[in-house]
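Chemist: Now for the letters of each chain:
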Amino acid sequence: MSPTEPDLPDAVPLLSVRGLRKAFGQHEVLKSIDVNVRSGNVVTLIGPSGSGKTTVLRCLNGLEIPDAGIVEFAADLTVDFSTQVSKKQLAAMRDRSAMVFQHYNLFPHKTALENVIEGPVQVQKRQGAEAIEEARELLARVGLAGKENSYPFELSGGQQQRVGIVRALALRPQLLLFDEPTSALDPELVGEVLTVMKELADEGWTMVVVTHELAFAREVADEVIFMDGGVVVERGHPDTVLRAPREARTRQFVDRLLNPF
Amino acid sequence: MTINWDLVWESLGPLLIGAITGTIPLALASFGLGLLLALLIALMRLSRNPFLSGVARIYISVIRGSPLLVQLFVIFYGLPSIGITISPWPSAIIAFSLNVGGYAAEVIRAAILSVPKGQWEAGHTIGMSRRQTLVRIILPQAARVSVPPLSNTFISLVKDTSLASLILVTELFRQAQQVAAFSQEFMLLYLEAAVIYWIICLVLAGGQSGLEKRLDRYVAH
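Taken in sequence, the protein lines are chains P and D. Residue numbering for the first sequence follows our numbering, starting at 63 and increasing by one per position. Residue numbering for the second sequence follows our numbering, starting at 20 and increasing by one per position.
Everything labelled a hint here was simulated from the structure, so no lab data went into it. Note that this is a predicted model, so its numbers are computed, not measured. Some clues are possibly wrong.
What the simulated footprint calls covered on chain P by chain D, stretch by stretch (three residues with Cβ under 8 Å from a Cβ of chain D suffice, anywhere in the stretch; the number is not a length) [as the list claims (entries may be wrong)]:
# : stretch
1 : 76-89
2 : 123-132
Part of the chain D face toward chain P, derived, beta carbon under 10 Å [to be verified]:
#  : residue
3  : His143
4  : Met147
5  : Arg155
6  : Gln160
7  : Gln196
8  : Ala199
9  : Glu211
10 : Ala213
11 : Ile215
12 : Arg236
13 : Tyr237
Just so it is clear, CB atoms sit at the ideal spot from N, CA and C, and this is done for glycine as well.
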């Protein structure tokens, strides 16, 4: 399945986030974040833990409600969090994106197939037979043919995460959000998940990825955003940000990831 | 002490009738209604609305804080003095359901809270409303967790229905009392009643393991 992209002139980003702010109690997690994502692009958010990168994703999917800021999708949906946001607006925003979680968050009481069709059938009210067929195709495409009727506990972490990715794809979102999708995996299973993600990027899916996998960012990302302490420290092409960062903090972080000892 | 087997045999009929037409339907009806009430109370208790959760909190406290026998007597012997007269069977069902509602509410609340927060988030991210997530994602997982403690509640209830004999409901224990009074064989009849309660509870415990196995099919062992 190819992404469903709106036709946009090159200058208009699919997603535009301006002045995003979020505090948990006294703690300001996001201090005015701006992000633009063009259709078909892959943006990776990197940074130390606590830098706020996951919160950015969660705000985009409505799992956290920002305190302020504007989220604009393809110029036809604008949500201004400085004002009271209705449930309907929030739902409309959430519908644009689908999230892949660090801990997969598959539904343990449903099979792989049931996990995938739950959204299309129960929420989007699509035809059961059609949703099942599409789910089978998608599962086969990520190498999970034959695992349709397996429960999550019968699958490896890498397989579970691939089901998680297919569950997101099946919703036909405009934007895929990945929250550290490989951080909970055993090292030897990371590759199979990153490979699927790279394929999605090649097919033209628009993706925002929070990750510590610098190799993935370097190879796949169109833009790397380095965050620290709730602000964007540096952003740009991966070749610049990861190989020749301008900011000292970025350099430190990248060095530490590449040379842990 | 010699056992009067003839009496055991003769009394078995009335005692079983008491169990089949009294104890068992009383327990089933009260447990069914009590569970519905418990789910409602548990959701109220979890609600962000302080009024709803406050009402639920008080309800649970009152039910757990007073003896079941007292609750039964208030409904059957107390209410008539303010003009509400309810016959024995409905009185018993009301009292037992209210009681189960209070205890099972806490079980269900705990079971709902035991489902990881990520499950709510996964429900939301595929576009489900709170209610949809609750019904399709959270409750099925909570059900699995709550089977053992709810079985406890049910087994207690089966035995507690003997209290209904005190408000004139004809059930297993009341039958035993009557035969005992007539024959003066108290030890024999009460032990016989105890054995029948025990057998009913054995069957229930068997049902519990069956249900647990069924609900455990999606869990690693």
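Chemist: Could you work out which of the previously given hints the structure breaks and list their numbers from low to high?
Modeler: Hints 1, 7, 8, 9, 10, 11 are the ones this structure does not satisfy, whereas the remaining hints hold.
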